[in-house]
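Chemist: Below, each chain spelled out in residue letters.
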Amino acid sequence: MDNKLLRMIAVIELLAIFLIWELLAVFQWFPTYLSSPLAIFKSMGELWLDGDLLNHIGSSLFRSLMGFLLVVIVGVTLGILAGYYRRVGTFFDPIVNTLNPIPKIALLPILMVWFGISDTTRILIIFLTAFFPCFVATRDGVKSIKQVYLWSGQNMGASTFQLLRKIVFPVTLPKIFDGLRVSLGLTFVMMFSSEIIGAANGFGLGFLILNADLGGRTDYMFAGVAFIGLLGFIFDKLLLTIRGKVLWWDVNKA
Amino acid sequence: MTKKNAAMEIENLRKVYSTKNEDTVAIKDVSLTIPEGKFVSIVGPSGCGKSTFLHIVGGFIEKSSGKVKVRGKEVEKPGPDRGMMFQESALFPWLNVFDNVAWGLDIQGMPKKEKNEIVERYLKLVRLWEFRNQLPSQLSGGMRQRISLARILAFDPEVLLMDEPFGALDAQTREEMQVELLRIWSESKKSVLFVTHDIEEAVFLSDTVVVFSGRPAVISEVIDIKFPRPRDLNLYKSPEFRDYRNQIWDLLHQEHHKPVQIVSEVVNG
Ligand SMILES: Nc1ncnc2c1ncn2[C@@H]1O[C@H](COP(=O)(O)OP(=O)(O)OP(=O)(O)O)[C@@H](O)[C@H]1O
Ligand SMILES: [Mg+2]
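Protein chains in written order, with this note's numbering: chain S, 1 to 254; chain H, 1 to 269.
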């Protein structure tokens with residue numbers, strides 16, 4: 001099947017879901033607080049025209065992307081070290097294995113003691129959640145590198161740092177991107193969760209959603225949720241585009 | 001006690017692989033001297049320890065005991081004084097042909113102009129200069145091995161270690177590569193330690209063929225191949241070539257005959 005056809009199917013699928021939802025809402029088979037797609041689109045438009053929306057989006061994106069940036073830097077670096085040096089790997093194993101299954105939001109009280117109700121706390125919560133997929137994918141990617149690549153590098157006189165930077169990193173890039181994609185999705189999940197802490201004043205899509213809910217405006221609430229979804233979608237596509245540019249060689253033949 | 005004209009000296013080399021359940025003796029007391037400027041091949045059955053031997057000389061894995069010297073220097077770790085061609089392709093799939101060959105020179109921090117000249121020289125030597133912008137995955141197996149050879153020659157090692165470099169190629173490409181290798185080698189005259197399981201390849205290329213037997217590897221014979229150089233593929237048809245081939249074939253198959261003889265003795269009586 002070619003791409004055009006696949007894209008058509010995706011669009012039709014979405015339209016069908018919206019149509020069914022709309023019908024369910026119109027005939028009131030759905031509880032009214034679930035709103036309807038048209039009402040939500042309308043509210044999205046209203047929010048757009050209302051000046052604050054860009055501020056909400058800006059604040060939320062700042063927190064998410066700062067968290068993601070930390071994941072890229074810390075997750076990839078530690079992942080490479082943990083995959084390359086067995087001792088570093090063994091050091092991180094118990095930490096990762098016990099922290100990974102914990103919902104990181106449970107660490108919120110601790111972070112709040114240190115950083116209060118601040119963007120630092122929110123960014124750290126986002127980072128802690130999104131860190132693990134990237135770390136694990138990078139570490140396992142490094143572990144599965146073909147030995148001859150490293151040996152070849154050593155044969156040509158590369159230092160350990162050169163091996164890590166000029167062989168381990170590029171070979172692992174496909175796996176790193178796989179992990180980052182999961183991490184990026186999680187930062188958008190945490191965009192909302194990290195903003196429900198503290199009083200809902202200030203900017204952020206999470207605040208918008210929370211206030212709409214408290215004010216009984218479920219259409220605004222869903223509009224806020226839809227904006228998060230839209231942003232997640234756009235940034236996922238952006239990441240895939242970067243991936244395509246960086247991994248111009250045929251990944252499957254590595 | 002270093003001999004004057006020895007490129008590589010291996011003394012009482014022994015390698016034991018230890019795993020949880022058992023110890024495998026891969027190499028048992030092998031001593032071998034490769035004279036300067038000579039082409040020496042090792043032949044032996046699969047799994048007898050040929051790659052292990054070469055990896056130890058390359059410094060990639062540790063020996064259990066014995067001595068390994070290259071140009072009088074004890075081998076401790078990998079280094080650009082020994083150019084190693086691995087059994088599987090080690091070209092970097094994320095770099096094009098040019099950057100693959102330039103990699104070792106970049107690592108040394110060589111100035112761009114000098115680097116470009118060297119890469120061009122060796123890509124032309126293996127006749128693949130036109131393919132410099134291609135990725136390794138876009139080339140045939142034979143071309144990839146020529147690139148690998150160019151990459152190693154580019155950083156100018158003192159000796160070459162080659163582990164079945166043509167093992168994955170079809171018979172005709174393999175013969176072309178052998179001729180090509182001799183042509184390239186005749187220009188550099190670096191000492192070569194070449195591993196293969198192909199008897200004819202070893203005879204065609206080498207000054208000396210070392211026959212490894214069984215598992216663990218011990219040397220069962222060292223045979224000097226007294227053909228003049230330059231050699232061409234017609235050599236394959238000569239009766240002397242077949243004599244060498246048969247001699248080595250017998251050596252390699254001795255072990256397989258032994259159990260058969262025992263069986264027949266029992267049958268007889
Ligand atoms: N990392 C390892 N751990 C344990 N045993 C090993 C290891 N590498 C090789 N061996 C064993 O050592 C022996 C020699 O292996 P080696 O790869 O050197 O053989 P080879 O002569 O190169 O074979 P081939 O012709 O198939 O390439 C084999 O029995 C193999 O099972
Ligand atoms: Mg081998």
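Hints are computed from structural coordinates only; laboratory data are not their basis. There could be a bad hint or two in this list.
Listed below are the simulated DSS-like cross-link pairs for lysine-lysine, each with C-alpha atoms no more than 30 Å apart in a straight line [as the list claims (entries may be wrong)]:
(1) S:Lys166 <-> H:Lys77
(2) H:Lys73 <-> S:Lys166
(3) H:Lys226 <-> S:Lys146
(4) H:Lys73 <-> H:Lys20
(5) S:Lys245 <-> H:Lys115
(6) H:Lys28 <-> H:Lys69
(7) S:Lys146 <-> H:Lys20
(8) H:Lys28 <-> S:Lys166
(9) S:Lys146 <-> H:Lys77
(10) H:Lys124 <-> H:Lys38
(11) S:Lys245 <-> H:Lys113
No experiment lies behind these values; they were computed from the predicted model shown.
Chemist: Take the hints in turn and mark each one as holding or not.
Modeler: Cross-check of the supplied hints:
no. : hint                  : in the structure
1   : S:Lys166 <-> H:Lys77  : holds, 20 Å
2   : H:Lys73 <-> S:Lys166  : holds, 29 Å
3   : H:Lys226 <-> S:Lys146 : violated, 40 Å
4   : H:Lys73 <-> H:Lys20   : violated, 34 Å
5   : S:Lys245 <-> H:Lys115 : holds, 27 Å
6   : H:Lys28 <-> H:Lys69   : holds, 18 Å
7   : S:Lys146 <-> H:Lys20  : holds, 23 Å
8   : H:Lys28 <-> S:Lys166  : violated, 37 Å
9   : S:Lys146 <-> H:Lys77  : holds, 19 Å
10  : H:Lys124 <-> H:Lys38  : holds, 24 Å
11  : S:Lys245 <-> H:Lys113 : holds, 28 Å
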